[in-house]
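Asks: Residue numbers (our numbering), protein chains in the order written: chain A, 1 to 212; chain B, 1 to 252.
Please keep in mind that the hints were generated in silico from the structure rather than gathered at the bench.
Keep in mind that a hint or two might mislead.
Said to hold, decoys possible - Computed cross-link-like contacts, DSSO-like style, restricted to lysine-lysine with a CA-CA straight-line distance of at most 27 angstroms:
#1 B:Lys90 x A:Lys17
#2 A:Lys127 x A:Lys203
#3 B:Lys220 x A:Lys127
Stated by the list, open to error - Okay, the calculated beta carbon distance ranges per label pair:
#4 A:Ser166 x B:Glu72: 30 to 38 angstroms
#5 B:Glu218 x A:Glu60: 48 to 56 angstroms
#6 B:Asp28 x A:Arg117: 20 to 28 angstroms
#7 A:Glu116 x B:Tyr232: 31 to 39 angstroms
#8 A:Arg107 x B:Gly179: 37 to 45 angstroms
#9 B:Asp134 x A:Arg107: 34 to 42 angstroms
#10 B:Ala247 x A:Ser166: 16 to 24 angstroms
As the list claims (entries may be wrong) - Covered stretches of chain B, as calculated for chain A (at least 3 residues, CB under 8 angstroms):
#11 69-77
#12 90-100
#13 121-129
#14 194-201
Since the structure is predicted, the reported quantities are computational estimates derived from the model, not experimental observations.
Every residue gets a Cβ at the ideal spot worked out from N, C-alpha and C, and that includes glycine.
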Amino acid sequence: MIGIIDYGMGNLFSVSKALDRIGIPYIISESPEELTKTKGLILPGVGAFKDAMARLREKELDRFINTYVDSGRPLLGICLGMQLLFEESEENGRFEGLGLLKGRVVRIPERDADGERLKVPHMGWNKLQFHQEASVLDEVGEGFVYFVHSYYVNQMDEESLLASASYGVQVPAVVGRNNVFGMQFHPEKSSETGMKLLANFAKAMEQSEELL
Amino acid sequence: MMTKRIIPCLDVKEGRVVKGIQFVELRDAGDPVELARVYDQQGADELVFLDISASVEGRKTMVDVVQAVASELAIPFTVGGGINALDDMKRILRAGADKVSLNTAAVNNPDLINEGAAFFGSQCIVIAIDAKYDSEIGTWRVYTHGGRTPTERTVIDWAKEAVERGAGEILLTSMDEDGSKKGFDIALTKAVGDAVSVPVIASGGAGNAQHFLDVFKEAKADAALAASIFHYKETGVGEVKQFLRNAEVNVR
Numbered sequence: 001m002i003g004i005i006d007y008g009m010g011n012l013f014s015v016s017k018a019l020d021r022i023g024i025p026y027i028i029s030e031s032p033e034e035l036t037k038t039k040g041l042i043l044p045g046v047g048a049f050k051d052a053m054a055r056l057r058e059k060e061l062d063r064f065i066n067t068y069v070d071s072g073r074p075l076l077g078i079c080l081g082m083q084l085l086f087e088e089s090e091e092n093g094r095f096e097g098l099g100l101l102k103g104r105v106v107r108i109p110e111r112d113a114d115g116e117r118l119k120v121p122h123m124g125w126n127k128l129q130f131h132q133e134a135s136v137l138d139e140v141g142e143g144f145v146y147f148v149h150s151y152y153v154n155q156m157d158e159e160s161l162l163a164s165a166s167y168g169v170q171v172p173a174v175v176g177r178n179n180v181f182g183m184q185f186h187p188e189k190s191s192e193t194g195m196k197l198l199a200n201f202a203k204a205m206e207q208s209e210e211l212l
Numbered sequence: 001m002m003t004k005r006i007i008p009c010l011d012v013k014e015g016r017v018v019k020g021i022q023f024v025e026l027r028d029a030g031d032p033v034e035l036a037r038v039y040d041q042q043g044a045d046e047l048v049f050l051d052i053s054a055s056v057e058g059r060k061t062m063v064d065v066v067q068a069v070a071s072e073l074a075i076p077f078t079v080g081g082g083i084n085a086l087d088d089m090k091r092i093l094r095a096g097a098d099k100v101s102l103n104t105a106a107v108n109n110p111d112l113i114n115e116g117a118a119f120f121g122s123q124c125i126v127i128a129i130d131a132k133y134d135s136e137i138g139t140w141r142v143y144t145h146g147g148r149t150p151t152e153r154t155v156i157d158w159a160k161e162a163v164e165r166g167a168g169e170i171l172l173t174s175m176d177e178d179g180s181k182k183g184f185d186i187a188l189t190k191a192v193g194d195a196v197s198v199p200v201i202a203s204g205g206a207g208n209a210q211h212f213l214d215v216f217k218e219a220k221a222d223a224a225l226a227a228s229i230f231h232y233k234e235t236g237v238g239e240v241k242q243f244l245r246n247a248e249v250n251v252r
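This is chain B alone, in the form it adopts within the complex (with noise of 0.2 angstroms):
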């Protein structure tokens, strides 16, 4: 039986995890290859590291963190953020990621999607969609540039079509919900999940372990993703999934 995943993710800018870690064991709580570890440690079955640097060093810089996380995981993870053509992927692949995440690129060219399945195989791309309900058009509306600019696509035909370009895994992220600590959007999620063929993973409103259940038995969502619960210690990883298992839901 396939287990539900539980992926932490994690900010890095310049090389370093911004936006609030509490983690106060840690030496350091800004070294991204640290914090993987603790994250593994606890039973993490994949990481999203999402590159939020604003310069051409900084994104160098990521390429120097993808190496030292490949040198010290044995877990999967993801790289997005950045990423804009073909060779942005090799750097990134090469340097030891299992798959990058494509959002904005993704929906300005999405021949990338093709050339990036075609080249590294469908399972290395995985498609960002941030998601916002628009009540004008009675669906969700697709959202680039972290969420700051609206598009003419709707999450459910942007879903297909990744799919059906090659994308490996949908990494599905409600505006709606994110920072709510509410739960997932489980009727977005739900629906992005029904529409396609390949692996969901929820993103956005995690608060308690609970939500987890609810997204993984009323959405059947493949993974969830979270940040802040995990960073501020609300919850961890292992608790997370002993509820889960006390639930009956399969887990690692």
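Bound conformation, chain A alone (with noise of 0.2 angstroms):
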């Protein structure tokens, strides 16, 4: 079972509906009661990275899914939930995120360094390039995935690294490290590929059960 984390700051029908078609149970809560009977989290998000913690802290969930990491049991964020892990965000200033992975997530620049103009946001389909092997990657391939974000993470430590794509600069697309996980494009909005990339996610859950 996976516990989708409803914080007011996502489009949980179609990371749900996704789930639906792979086939993997969910449930769609705000409650760390409730969260914490399942096997892995999905942290969804779309919105800005301030508002976003602050409903985390408000309903104490920042707390409770730095426990539930602790715990061993996977954890994926997606498109703003990604970013969340990570240190810190400019975006609109400065504020901490969660902390669980190393970097700083930043504004995409207006110009790549030939001087074209970037369109922001990053918006449409965009090619993986994998950077290390990893069992979320199994069988995906350097596919076509689904992105829409202003802002990207920057400065993280390359072990986590697990696919980027390129957009005048490198956007971590796919990072990982121990349970953590985040993508930074919509999985379940990129077609095969994203959904391979989720019933990876699901299968990291199913071997964190077995550690359990």
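Starting from two chains that each stand alone, build the complex the way the hints lay out.
Replies: Shown next, in the form of structure tokens:
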């Protein structure tokens, strides 16, 4: 059973429908008491970093997520949910994140290295490039996935970078360290490639279940 | 590298797809879910549903359509038509749409863009602009109410304002080219693309695969939308993409 964290910042319907499609049971909840009964967590999210962190704190979900990760069960942040895993963001100021991964969230530059203008948001299908082997990437292939975001993760640890996409800058696309995973794009909207990635996360969940 | 997006558009009225769809292999050419699936299989990058229902009941049916499509599809889709307030956006997005497209309502009440962007994020808010060239003022004029009502606004200024207010994407329809099958409006698409920092979807005038290549190469559109050439199977999404691939345009 996956727990989808409902903190008022995401399109939960498309994530839950994607899990339906690949046959993974889930609950949607904002309650730590409910969510703690699950074997894996998904932190979705669209919108602003500051608001999202404020809501997580308000519902004491920030502490809950930390405890959950300490228990060894897997966590997947999607889009803004991935950005929240990092130390801080400079979206509309400077705000502290969950700090589960090292790195900062910064705005996509207006121009690339050649001075060509980059449209922001980075919106549409972009190709994954893998950086290292990881179970979450098993049988996925360097396919196309659907991105919509204006900020990206910078200064992260090389060893946590599993896949990236190129958009003027190197955009970390799949990140992972131990049981903490993030996807900057929307796997639930990324056709077969996205479904496979979600299925792999669910597999990681089953494996952790055996450990517990 | 980003890919250029090909987006089929479906007109939905009272929950059914209307306006001449000729997919003979379908059991039911009026079922939006089934058509969405066909376009998905053909490699569509995204879909747009335009609700042209006249009644409140019809609008409610649209919510069911959105839910059904969201359950079936793993590609993004946008819903437009009849969205006049934040509550309308909530209803459509909660039903599973990824973006809402605002047209007349945004022109009449531009604050709606700010409200929507603040609540759901800019990535959810598409501003649809119906543009017609006006030789008297020497630029394109914004039309509302399905192209029936001219406004005082010019397209470039309105596009800029919409983006400043939080629009994440512009769906730009050329009324001059719409239905002509002579190609997208290159000058219009380029002018808007140069003026705004967000992606622009070109719409109106697609007649063949070359037209997509033209609007991507010459006008630097980020995406291109078409309805009838896909519905009437004059060309398929896959064929257009193969043509673009051969011309070294990045597509999925």
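Asks: Going back to the hint list, which numbers does this structure go against?
Replies: Number 6 - this is the single hint that the structure violates.
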